[in-house]
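**Q** This is what each chain is made of:
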Amino acid sequence: MVKSDPTSAPKPRFTLPRRSVTSALLGTTAFWLTQPSAGISRALAREAATAPYSPQFFTAAEYAFLMAATERLFPKDHNGPGATELGVPEFIDRQMQTPYGVGDNWYMSAPFQEGPANLGYQLPLVPRALYRQGIASLERYTHQQYGKNFAALPAPTQDIILTALEGGSLQLESIPGRTFFEQLRTNTLEGAFSDPLYGGNHNLGGWLMLGFPGARADFMDWVNQEGTAYPLPPVSLSGQTA
Amino acid sequence: MNTKNADAIIVGAGWAGTIMAKELTEAGLSVIVLERGKEHTTAIEGAYPDSIDELRGAIRKRLFQNLAKTTVTIRNTVDQTALPYRQLAAFLPGEGVGGAGLHWSGVHFRADPNDLRLRSAMEERYGKNFIPKDMHLQDYGVTYEELEPFFDKAEKVFGTSGTAYTVKGKVIGDGNVFAPDRSSDFPLPAMNDTFSAATFRKAAHDAGYHPYSLPAANASQPYTNPYGCQMGPCNFCGYCSGYDCYLYSKASPNVNILPALRQDKRFTLISNAHVLRVDLDGSKTKATGVTYLDTTTQRETSLKADLVILSAFQFHNVHLMLLSGIGKPYDPVKNTGTIGRNFVYQTITTSRVWLPENNYTNQFIGAGGVGVAIDDFNSMNFDHGPLGFVGGSPVWVNQAGVKPIAAAVGTGGHGTPRWGKGYKDALVDTYKHSLAIDAHGSNMAYRDVYLDLDPTWKDAYGLPLLRMTFTWKDNDIRMNQYVVNKIAPIARAMGATKVSLNHLEFGQPFDTRHYQTTHLGGGAIMGDNPQTSALNRYLQSWDVSNVFVIGSNAFPQGMGYNPTGTVAALAYWSAHHIRTTYLKSPGPMVQA
Chain G
0 MVKSDPTSAP KPRFTLPRRS VTSALLGTTA FWLTQPSAGI SRALAREAAT
50 APYSPQFFTA AEYAFLMAAT ERLFPKDHNG PGATELGVPE FIDRQMQTPY
100 GVGDNWYMSA PFQEGPANLG YQLPLVPRAL YRQGIASLER YTHQQYGKNF
150 AALPAPTQDI ILTALEGGSL QLESIPGRTF FEQLRTNTLE GAFSDPLYGG
200 NHNLGGWLML GFPGARADFM DWVNQEGTAY PLPPVSLSGQ TA
Chain R
0 MNTKNADAII VGAGWAGTIM AKELTEAGLS VIVLERGKEH TTAIEGAYPD
50 SIDELRGAIR KRLFQNLAKT TVTIRNTVDQ TALPYRQLAA FLPGEGVGGA
100 GLHWSGVHFR ADPNDLRLRS AMEERYGKNF IPKDMHLQDY GVTYEELEPF
150 FDKAEKVFGT SGTAYTVKGK VIGDGNVFAP DRSSDFPLPA MNDTFSAATF
200 RKAAHDAGYH PYSLPAANAS QPYTNPYGCQ MGPCNFCGYC SGYDCYLYSK
250 ASPNVNILPA LRQDKRFTLI SNAHVLRVDL DGSKTKATGV TYLDTTTQRE
300 TSLKADLVIL SAFQFHNVHL MLLSGIGKPY DPVKNTGTIG RNFVYQTITT
350 SRVWLPENNY TNQFIGAGGV GVAIDDFNSM NFDHGPLGFV GGSPVWVNQA
400 GVKPIAAAVG TGGHGTPRWG KGYKDALVDT YKHSLAIDAH GSNMAYRDVY
450 LDLDPTWKDA YGLPLLRMTF TWKDNDIRMN QYVVNKIAPI ARAMGATKVS
500 LNHLEFGQPF DTRHYQTTHL GGGAIMGDNP QTSALNRYLQ SWDVSNVFVI
550 GSNAFPQGMG YNPTGTVAAL AYWSAHHIRT TYLKSPGPMV QA
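Protein chains in written order, with numbering that gives the first Met the number 0: chain G, 0 to 241; chain R, 0 to 591.
Some clues are possibly wrong.
List of simulated lysine-lysine pairs, DSSO-like, C-alpha gap at most 27 Å [said to hold, decoys possible]: (1) R/Lys264 / R/Lys283; (2) G/Lys75 / R/Lys457; (3) R/Lys37 / R/Lys283; (4) R/Lys420 / G/Lys147; (5) G/Lys147 / G/Lys75; (6) R/Lys333 / R/Lys60.
Every beta carbon over 10 Å from chain G, so not counted as near; a handful from chain R, in silico [to be verified]: (7) Ala81; (8) Met134; (9) Ser183; (10) Thr349; (11) Thr360; (12) Ile364; (13) Lys402; (14) Asp424; (15) Asp510; (16) Gly586; (17) Met588.
Worth flagging that the hints you see were computed from the coordinates, not collected in a lab.
Ideal Cβ placement from N, Cα and C applies to all residues, glycine included.
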């Protein structure tokens, strides 16, 4: 598969949300909510969840890193599914193909100059480049240190590496480990908890875990129920229910 | 020969700009409003369900300023190199029709009378020596009594929900006992308390404080404002802050003013029009109009008008004044000049209280302006004498609707895992059973905290970026710590199982990476002395008398309250005096 250099790649086409064939055919959420179409919705969701996703931006090796690392950050446990089951790697790959992937609303004018951390991000790298260079550098490190790819390492070793990145003791060549870690952590959590239309939060698993009702957005009858949990399960923007 | 394009040109289509446009068209003037962003209407971009998409909304910043075009540089101290604010985080200015007034929360306060004359009030009570030497504490030059009719008018336009304490000197409700007297009640009754807010109300009361319902520009009932614009009742969907209300329940320029303005032939709105400068005549004492860039065609156009109103976001107003040569730039070394002087912010820290596991706080239920607050430690409502600091903070539970991505990113730290084992336990517990209590406080002005033009970085149009020199000072840190400590007994009374009190730390610089508040202020302040203020008490430039600058840029210091209510009142105040005085005899309304 040919992979483009993120610095010279043409600006990718922005896929507008909810302009898929599905939503065009089936219309608004109001329609979904009031019509007996939950069965269709569930079938579509199942199909989407089972169809294997081929990454468009990440190489197979990069994607293997993403699968492994995001699952360590957000592991499956007694609370619910982990990052891979929720589709987080797919979410991140899809995000790289939106304006966000090329840092379209970041100020990216030179000169780029290092400074104190509290003055914020100062690297000349947009998310695509951060991932490409960061993963490459991290894999060089794991090979040097352990003779294997990150994904092939046992979970406790992966956790040691992630901890070193988070704490800033591991520098990925020109990228501070902490910067790479925060990018990965933030995108992982976005994938776990954004609407499923972006490729993550499969079967609304993220929202179910939190008791977040999604697109219901009408709580007139539950403003104060003396601390009782909100009773209805989540619904997505396209009407998918859990 | 009359070659003007309009009687008045207004820069920015947020609250200040649309209020000024409404007032000036009512006075018979032709008005052109230039807005650098795009159109935003509730029926299209604001419609359900696309508008309530967290990823596209608050996370990917659908309604906020696009920093790729222009941003600011920031440093903490004058000996540092300021670096660009490359990613939105600490503050979130708006862009497009409605401005930040489209994505605001809706907390709608009247300024405290003492806050409007804080230097005088503090000196009267504690003496001149109480105020630190490097603190530029100043009066607004306008009093609460003078502004009251305009606070009243703004509330009626915004459809504000609240409970009054006194109207015309008579106690009429269990509102804020510290609030100033009003000429009329709120147009709508207060919003209901969420469970979190109700719990806080009871606990604060039991702890001996004076809880009240936050005044909210979120409609508790259907409402038609004096312009004939309609609002629907809020359903606590939780998508106020960072979003455009799909229910027409949160006041915005788009819902509460523009529907009326758009029907007026004297009103023209040009979007995608980025104003590059105010054009001045050779004397630099009169504006001839403005020059803007059409960002869709890249064509530059100069428009001529008799009157120019700057009503962009706080720091954009200051930036435009500096770029245009209006007034004298502030010099912190010589302590001269006024443009950029008294740049201020607010001290906001969020503490967290966990309730027992059979209590679900349902944090996704809420509204931006709704909540319960206490003012016992705000403004001058307590004795500063033994404390030795200036300023204060309201303390409140303002459950505005917590979304899952924001909750997930924010969970962890302070000894709690941020990922991996244990993280999800903390996240689920925090999301289901906790609530936030904010200390939303004042920030004073200092000689070495200011705005000027950056020497290095440029915007997409080749103009120098605005530079912020800002950090926290001991006075404000002490105030914040004092008030945050007052939260502990309230949390205990709430039956907390765990409490995390968060406050500013000494020596910790302002951090641009985490959202704090968009309530920036000052930089082109109002006052009664042209040596220490950029604008007179009518928000008219001392230096260029046909330029008025409307916004929180006029605040001499950051108050504990949210700024929008005061910005709106100042806009109506300024417009009233333009209509009744200035237009009859254009020129300086106060002699320097």
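**Q** Of the hints stated earlier, which fail here?
**A** Those not satisfied are hints 1, 2, 3, 6, 7, 11, 12, 13, 14, 15.
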